[in-house]
Amino acid sequence: MKRPVAVVGVGQTQHAARRADVSIPGLVREAVDRALLDAGLEHKDIDAVIIGKAPDMLEGVCHPEQFLAGAVGAHLKPLLRVHTAGSVGASTALTAVTHVASGLYDRVLTIAFEKQSEGNAMWALSPNMPFTPPLVAGAGGFFAPYCRAYITRTGCPPHIGPLTAVNARANAARNPYAHLREPITLDDVMNSPMLWDPIRYLETCPSSDGAIAMVVASEEAAKKGPRQPAWVKSGFSYAEAMWVPGRDQVSPLAGRVCAKAVYDRAGITDPWKQIDTAEIYVPFAWFEAMWLENLGFCDVGEGWKIIERGEQKLGAHLPINPSGGVLASNPIGASGMLRLGEAALQVMGRAGEHQVEAAKTALGHAYGGGAQYFAMWIVSSEK
Amino acid sequence: MPQLRNVAIVGFAQLPIVARDEHRIATDMLYPVVRQALADCGVERDAIDYQVAGSTDYMDGRPFGFVSALDATGSWPPRQDLHLEMDAAFCAYYAWVRMQAGDCDTALVVGHGKSSEGDPNRILNLQLDPYYQAAIGLDPISTGALQASAYMARTGVTDRDLATIAARNRTAGARNPDNQLHQAATPEELMRSPWAVEPLRAAYLPPLGESATCLILAAEGKAEKMCDRPVWIHGTDHRAEMQALGGRDLSRSAGAALAARRAYSMAGLSAATDADVAELTALTPAEELILAEALGLDPSGSRPVINPSGGPICGHPIMMTGGIRLGEAFRQLSGRAGARQVAGAKRAIAHASQGHCLQQNLVWVLGSERRWT
Chain A
75 MKRPVAVVGV GQTQHAARRA DVSIPGLVRE AVDRALLDAG LEHKDIDAVI
125 IGKAPDMLEG VCHPEQFLAG AVGAHLKPLL RVHTAGSVGA STALTAVTHV
175 ASGLYDRVLT IAFEKQSEGN AMWALSPNMP FTPPLVAGAG GFFAPYCRAY
225 ITRTGCPPHI GPLTAVNARA NAARNPYAHL REPITLDDVM NSPMLWDPIR
275 YLETCPSSDG AIAMVVASEE AAKKGPRQPA WVKSGFSYAE AMWVPGRDQV
325 SPLAGRVCAK AVYDRAGITD PWKQIDTAEI YVPFAWFEAM WLENLGFCDV
375 GEGWKIIERG EQKLGAHLPI NPSGGVLASN PIGASGMLRL GEAALQVMGR
425 AGEHQVEAAK TALGHAYGGG AQYFAMWIVS SEK
Chain B
2 MPQLRNVAIV GFAQLPIVAR DEHRIATDML YPVVRQALAD CGVERDAIDY
52 QVAGSTDYMD GRPFGFVSAL DATGSWPPRQ DLHLEMDAAF CAYYAWVRMQ
102 AGDCDTALVV GHGKSSEGDP NRILNLQLDP YYQAAIGLDP ISTGALQASA
152 YMARTGVTDR DLATIAARNR TAGARNPDNQ LHQAATPEEL MRSPWAVEPL
202 RAAYLPPLGE SATCLILAAE GKAEKMCDRP VWIHGTDHRA EMQALGGRDL
252 SRSAGAALAA RRAYSMAGLS AATDADVAEL TALTPAEELI LAEALGLDPS
302 GSRPVINPSG GPICGHPIMM TGGIRLGEAF RQLSGRAGAR QVAGAKRAIA
352 HASQGHCLQQ NLVWVLGSER RWT
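In order, the protein sequence lines correspond to chains A and B. With my numbering, the residue at position 139 of the first sequence is 213, and numbering never jumps. With my numbering, the residue at position 183 of the second sequence is 184, and numbering never jumps.
Selected chain A positions facing chain B (Cβ under 7 Å, derived; list incomplete):
| hint | residue |
| --- | --- |
| 1 | Phe141 |
| 2 | Ala143 |
| 3 | Met316 |
| 4 | Leu327 |
Under 8 Å between C-beta atoms, here's a sample of chain A residues computed to sit facing chain B:
| hint | residue |
| --- | --- |
| 5 | Ser97 |
| 6 | Val135 |
| 7 | Ala148 |
| 8 | His149 |
| 9 | His157 |
| 10 | Ala159 |
| 11 | Thr169 |
| 12 | His173 |
| 13 | Tyr312 |
| 14 | Ala315 |
| 15 | Trp317 |
Read the hints as simulated data drawn from the structure, not as lab findings. Note that CB positions come from ideal geometry on N, CA and C, so glycine has one too.
Based on the sequences and whatever the hints tell you, model everything.
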C-alpha cells in the first residue's frame, strides 16, 4: 500500500429475518446514515462509493447498485460493484481500501447488503452447472461434506459444532444489532433437526435482511475525524480454481496463502499470540474449527481442541466472533463486511457489550464460492 | 493529483462476436482468449500478479458464473483476485487503481458470459427500480427510445441523422473481422427497417451477441518487456448518475461529461479533437450523439475518428462491450487494427457505459507514448 488507510466510520442495520419496515434503499440507507454519522461526515465529503452484495437473484434485481445509486449518494461519483460470492463483503471493503491507498481518493464509502426476504436464498444459491445435476440444497447441502470430511480427518467429537453454536448465541446476546439473540444450550443444538448431516438446524446461519457501511480514509482525513480510527495494517483477497485434482476443500490453499499474506504484511509471526480477537466467516458451526486451522491459529487437526477448551470465548485467550458472527446474523452479501467492520470496532474500543478487553490487533475474515474465495484484513489501534 | 505510475495495456484478445456459440459454455469460451493474450505478451500465467473478472450472474442464468471463470484464468496456485459485477472496462479501471496503490505490476482482466442463455432485454428490465419502473416493462430498447426522443426534441436531430450515424458505424464495422455484423449499409437501407421502438429502428440497434475478452495491463518496467508497442494510460475517470429516468436529463450525459473532463485533465489532453480515435459504448445512434457532446467530439466522427471498429451497433456482448472499446483503442495505437487501422494514430479515447440511458460512464485517454517521465 502506497499510504496508510484507516476505518473512520462504521454503521450497521438491525439485522432480522424480514425488515418489512424498509425498502432495499431504506435498509441500505440505515447503514450508510449511521456510518456517515459515526465518521462525522456528509455525502459531499465522500469521493467514491464501492458496493458489494452476493448474487442478484437473492432480491431479483439485476445490478441493484444502479437503482441504489441515488439513495447512497453516488450521483456523479465513481461507483463500483463487487461480487465474490460469500466473501464479497470483505473483498468490497478491501477494494475501497485500495482506492484510498492509491492516493486517488481520500474518503471512500463502502457498503454491503442483502435483503434476503425479497427472495428465496436456498433457490438462489443452488447453481445449475452445465452437465452437472443440480444439488438444489443451498449452501448447507454444498458444505456439509466439507464438514464431514473435517470430522473424519481429525476425529473431532460430535459436540464441537454444537459448542460453537452455543458460544455464537451467547455472544450475539450482547450485540444489539444481531438477528438471533436468544441464548441456546448444548442440548438445544444436539436435539435440533439434522438438516444436512452433520449440520443441524441450530448449527446453521439464519437468512437475514441487513446492511453495513464503512468509511475508509487517508491518514490526513482520519486525523480530522471525531474519534480514534482503526488502521488497516494489511488486506488481501485470493481465489483458487474449482476443478483442481487434489484441491483441499477442508483447508483450502487460498485461505492459507491469504492468511500468510495478511500476517506477513502486518508483521505477525505468531497469530495465536499477536492477534487479540478475530471475526471469521462461520456460516455452519463446524467451520469455526476448520478455519482456526486454516488461519494458522493452531496446528492441523487441533482447531476443535481450541473450542473444546473454550479458548475462543469472550474473556478467554482468543475471542472468536464476539459479535455472534454469521451464525447469529447472515445477510449474505453483508456478512463478510460485518466481520471486517466488527474487527475494526474492536480495535477502536467501540464494540460495546461484546468488546474484547484491550483489543489492539484484530483479524476480519470471509470466504465464498466452494471455499475458493478468501478476503481478510488485519486492523490495529496503532498505525 | 497524486504522483501516478505509467501503466500500459500490453495485450488484448477477444473471440469474434456471435449470436450464440452453440458448442461452448462461458468458461470454455474464456480459456482460449486468456491463453492467446498471455502468449501475445510472451508470458505464462505466473507472471501476472492480479486478476479481475467482469460478468453478471443474471446473464448466465445462475449464481456464481464467475466462479467457473477461475478455471479458465489459471487460478492455481491461488491468485490474488477480484470479480466485479460490471463490464470488463470497469475491471480494467480497478486494476489500474491497484497499480497506482503499488499493490501489483501486472494484471489480467477478463470479461465473460453467455447472453444467449437468457433473454437479455427481459433481464436488463430487472436493472430498473423494482418498485416503480421495472414493473411497467421497460427494457433497454424502450428506455433508449425515450432517451433518443429527448435528444431529438432538444436538438432537432432527425431520423435520417440517426440513420447516417448507424450507417457510418456499419460501414466501418465491415472491416472488423471480430464483429457480429459485417455488412456495410447506407442510411437509406437502414431507414427502411421497422421501428423497434420509435424513434429507434431495428437496424440502429446492436444485435444480441456473446464473446469472451482478455486484457493484460502492466506497469512501466514490465510493460516494455511484454509488448513491442505498449499503449499507455494517460488518464481515466468514471462517474455514475442516479437511475431514476425522470430524475435526470436523458438528452445529456452529465456523468460522461464529468468523467471526460477529469480524464482529459489527468491526461493533459486540452481538447478531445487532439485525439485520433474515439471508441464509444454507444448502444444507439442517439447515444453516440449524446456522448459526442459530453466528450467534446466532432459528431461527424472525422477527428477523432469515432468507432473505426464499427462500435457496439456491430456487436454488443454484454459485460464485454466496454472492454472491447479499450481493446480496440489498444489495437489502434499499437498498429494492430488491420484493415480498420487509423493511420498514424497516437492518442485515443475509449468509453464504456453500463445501465439504462448511460447511467454509468468510464472514460480513458490512451497514448502511444508514456504520460509521465
